[in-house]
Structure formats: C-alpha cells, structure tokens
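Participant: Sequence:
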Amino acid sequence: MSTDIEETLCNFLRTTSFALQLDESSLPGNEILVLAYDSVFKEDRFTEELLFAKHLVTDTNGESIFRAVEELF
Numbered sequence: 001m002s003t004d005i006e007e008t009l010c011n012f013l014r015t016t017s018f019a020l021q022l023d024e025s026s027l028p029g030n031e032i033l034v035l036a037y038d039s040v041f042k043e044d045r046f047t048e049e050l051l052f053a054k055h056l057v058t059d060t061n062g063e064s065i066f067r068a069v070e071e072l073f
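Counting from 1, one number per residue, gives the positions in the sequence shown under full-length UniProt numbering.
Hints were generated in silico from the structure; no laboratory data involved.
Treat the hints with care, as some may be off.
[As the list claims (entries may be wrong)] SDA-like, lysine to any residue: derived pairs with alpha carbons at most 25 Å apart: (1) Lys54 x Asn11; (2) Lys54 x Ile65; (3) Lys42 x Phe12; (4) Lys54 x Asp38; (5) Lys54 x Leu22; (6) Lys54 x Phe18.
[As the list claims (entries may be wrong)] Simulated restraints, written as ranges between beta carbons of each label pair: (7) Glu7 x Gly29: 31 to 39 Å; (8) Glu7 x Asp59: 24 to 32 Å; (9) Asp4 x Glu31: 25 to 33 Å.
Don't be surprised by glycine CBs; every beta carbon is placed ideally from N, CA and C.
Let the sequences and hints guide you as you build the complete structure.
Facilitator: Okay, structure coming up:
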C-alpha cells in the first residue's frame with residue numbers, strides 16, 4: 001500500500017510544477033538527517049507535504065543531498 005501511495009505522489013509531481021524545500025540537520029553521533037518537503041497548488045489551494053526523511057551516511061555536501069533527492073524520482 002505504501003508503495004502505491006509513493007508511486008502516485010511521484011507520478012503527480014512529475015507532471016506538475018512544485019517547490020522543493022530541503023532541510024538538513026546534524027544529529028548527535030555525526031548522523032545527518034535530510035528532510036524534503038514539497039509545496040504544490042492542487043484543488044484550488046496550496047498544500048505542503050513531507051516527501052521523505054533520510055539519514056545520509058556520507059556528508060551534507062550538495063552532491064550527497066542531490067543524490068538523496070534523485071533517488072525519490
């Protein structure tokens with residue numbers, strides 16, 4: 001069921017314009033957490049949804065964060 005929801009959301013985002021917000025945080029123990037939110041206009045209003053929360057095992061450089069987002073699509 002969760003796969004269907006994720007697939008439906010990704011298919012919707014592939015066909016519409018949306019804004020993407022990324023937040024990264026360093027946690028105790030050198031853990032890195034990346035949160036991704038989307039903002040999209042649908043059904044006559046703006047909605048914001050959490051797309052994913054991922055732990056990065058490398059670092060917070062731009063390429064590592066880009067790869068984490070790229071995996072979603």
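Participant: Determine for every hint whether it applies to the structure shown.
Facilitator: Hints and how they fare:
1. Lys54 x Asn11: 20 Å, holds
2. Lys54 x Ile65: 10 Å, holds
3. Lys42 x Phe12: Judged against 25 Å, a Cα distance of about 10 Å means the pair holds.
4. Lys54 x Asp38: 15 Å, holds
5. Lys54 x Leu22: Holds, because 11 Å separates the two Cα atoms, which is no more than 25 Å.
6. Lys54 x Phe18: 20 Å, holds
7. Glu7 x Gly29: 31 to 39 Å: 33 Å, holds
8. Glu7 x Asp59: 24 to 32 Å: 30 Å, holds
9. Asp4 x Glu31: 25 to 33 Å: At 30 Å between Cβs, range holds.
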